[in-house]
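With chain A held as given, fit chain B onto it using these hints.
There are 2 protein chains.
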Amino acid sequence: MKKLINGHDVLLAESLLGFGAAHADLVRVNLDPRFIVRADAPRPGKVAVVSGGGSGHEPLHGGMVGPGMLDAACPGEVFTSPTPDQIIAAAQAVDGGAGTLLIVKNYSGDVMNFEMAAELLAGEVATVLVNDDVAVEDSLYTTGRRGVAGTVVVEKVVGAAAEAGRSLADCAALGERVNAATGSLGVALTSCTVPAAGTPTLEIAEDEIEFGVGIHGEAGRRREKLRPADAIVGDMVADVLADLAPARGTPAILLVNGFGATPLLELHLVYHTARRLLEDAGVPVVRTLVGNYTTSLDMAGCSLTVTLADDEILALWDAPVRTAALRWGM
Amino acid sequence: MKKLINGHDVLLAESLLGFGAAHADLVRVNLDPRFIVRADAPRPGKVAVVSGGGSGHEPLHGGMVGPGMLDAACPGEVFTSPTPDQIIAAAQAVDGGAGTLLIVKNYSGDVMNFEMAAELLAGEVATVLVNDDVAVEDSLYTTGRRGVAGTVVVEKVVGAAAEAGRSLADCAALGERVNAATGSLGVALTSCTVPAAGTPTLEIAEDEIEFGVGIHGEAGRRREKLRPADAIVGDMVADVLADLAPARGTPAILLVNGFGATPLLELHLVYHTARRLLEDAGVPVVRTLVGNYTTSLDMAGCSLTVTLADDEILALWDAPVRTAALRWGM
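As given, the protein sequences belong to chains A and B, one line each in that order.
Going by this note's numbering, the first residue of the first sequence is number 966, and it counts up by one from there.
Going by this note's numbering, the first residue of the second sequence is number 966, and it counts up by one from there.
The following block holds chain A by itself, in its conformation from the complex (with noise of 0.2 Å):
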């Protein structure tokens, strides 16, 4: 294992030093527990919109956390739920009085340490779960779908309503909507490596891909041999079009999500050939992005996210954001 690193039992707390440092305008970092807070919270009379899970998949949710988006993010170890106390400092650090929203992907650890949390918090508390992988229903760590880069629109179109100070109700309400109307697919080309475990987590021979990886480097629905680009993203978008079955005409917003270790050389044109598929799919794509927003460390692959809009959706995704890894509009 080849990783800049002084210890895996120090890398988060001196990321996180890193991290609040090169953001100080953003945010605000606390270590113990650990958290990530916009700098200017608690924003009295709003929702406060709390995220967090395992690190490794940064820019997620760290990266997500300032105006228009998240208040606050709990980063557990690489790959671990933060722990119920982590949630509880963090959502109290943001409380506005307007309640407190969670936004969880679908993992067992996540789900149960959130859960725990909420029960313990004062005040209104919502819950929205990310599962938008449509590659497999069960899997190693999860009952029913995975959550993986559709967050980050989940995050981002929520982040917006609750900035724009719609009630907690409205935030849940919305955030049901759009990862019910948010579907991804990924591919992993190569396995990351977990610091504290030090070797690969899968084996993938050199010929070959992961087809519906998860984005811990665990399993996804085939190991097949490595094709052109084209088949393989022709198969992605078939297998997300099959779960969204969007009506002809339906715009969306098109994710090109890289996992860590592939160029944004490839991404644009992974990009290029899924736009072509779904607009002759009668999809037209309206708003892009196109980048590493939700990593597994160091894997070669990518997921497709597509996300079923409308005006609504569209106008809280151009509101403006200003956080590490999304600005526009301020």
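Bear in mind the hints are in silico, worked out from the structure with no lab data behind them.
There's no promise every hint is true.
No distinction is drawn between identical chains; accordingly, a pair holds when it is met within one copy or between any pair of copies.
In the DMTMM-like style, the derived pairs of lysine to aspartate or glutamate whose C-alpha atoms are separated by at most 20 Å in a straight line are [said to hold, decoys possible]:
{"no.": "1", "residue 1": "K1011", "residue 2": "D1204"}
{"no.": "2", "residue 1": "K967", "residue 2": "E1168"}
{"no.": "3", "residue 1": "K1011", "residue 2": "E1128"}
{"no.": "4", "residue 1": "K967", "residue 2": "E1042"}
{"no.": "5", "residue 1": "K967", "residue 2": "D1200"}
For chain B alone, coordinates are given in the frame of chain A:
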């Protein structure tokens, strides 16, 4: 070799089409010859800032095209200089009648082709050569030092000056000044693989790194055993400071640049250490970038870039910019 491509001969064109579609609000892509221009070009009365170089370093240079930065970028094939006809066509497409400034990384092929273009272009033309890599004096592809991630700083600062209406001579002098105030050093943990070659550029053992590596995976100062990040970063900071020899108290812009396959978790850890060491050396870090800005395809590793700043440079750094890779203030 595992890559999400359809063939190395069509990779660049397909990727450029994706880039153009993903960023249609910012840029226009021309395929024959290949160049990227800002969507609102030409800007009458403004110095046109044009850069380019081999592909494989994305988001450099196409991701730097837009208001407040580059007017045009010319992508060559992967790790191959753009041709004079590309450069000429790009410069003509963005000519606002106030002269053309070429920003060129110091590689023999790039220097030759940009020089040839400069001779054939009508109107006033000036060139800024970027040679910020302190690792080696001459190298495989250069006479003198290599131009690496410091190019991003030069392009940002000079782009802001041109946007503010400053003259060609002013912009050129400023570019020279920023380049002279900038030093970079990179380390590779793994090799990149050029699609047309199909095999890794460098052989690096599982316990080794290349200290002082170039952005094409070319050899640097020395091959050495992997050490803890703090020890590696300590040597990187020391070498950059030895080159720049800053007066105590000089403020700096610090860029921690990922080469393509290094997780943000590690880049923020490197930033944490580098910032502390610079501040211990009396160089306060007043501006920051952490991320993949000048990559080497899928190479793991990173570089540090330090620019010694003053009020003029900082004001131009802070000026609004809106490109695929950098976006603030607008």
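Contradicted hints - numbers only
Number 1 only.
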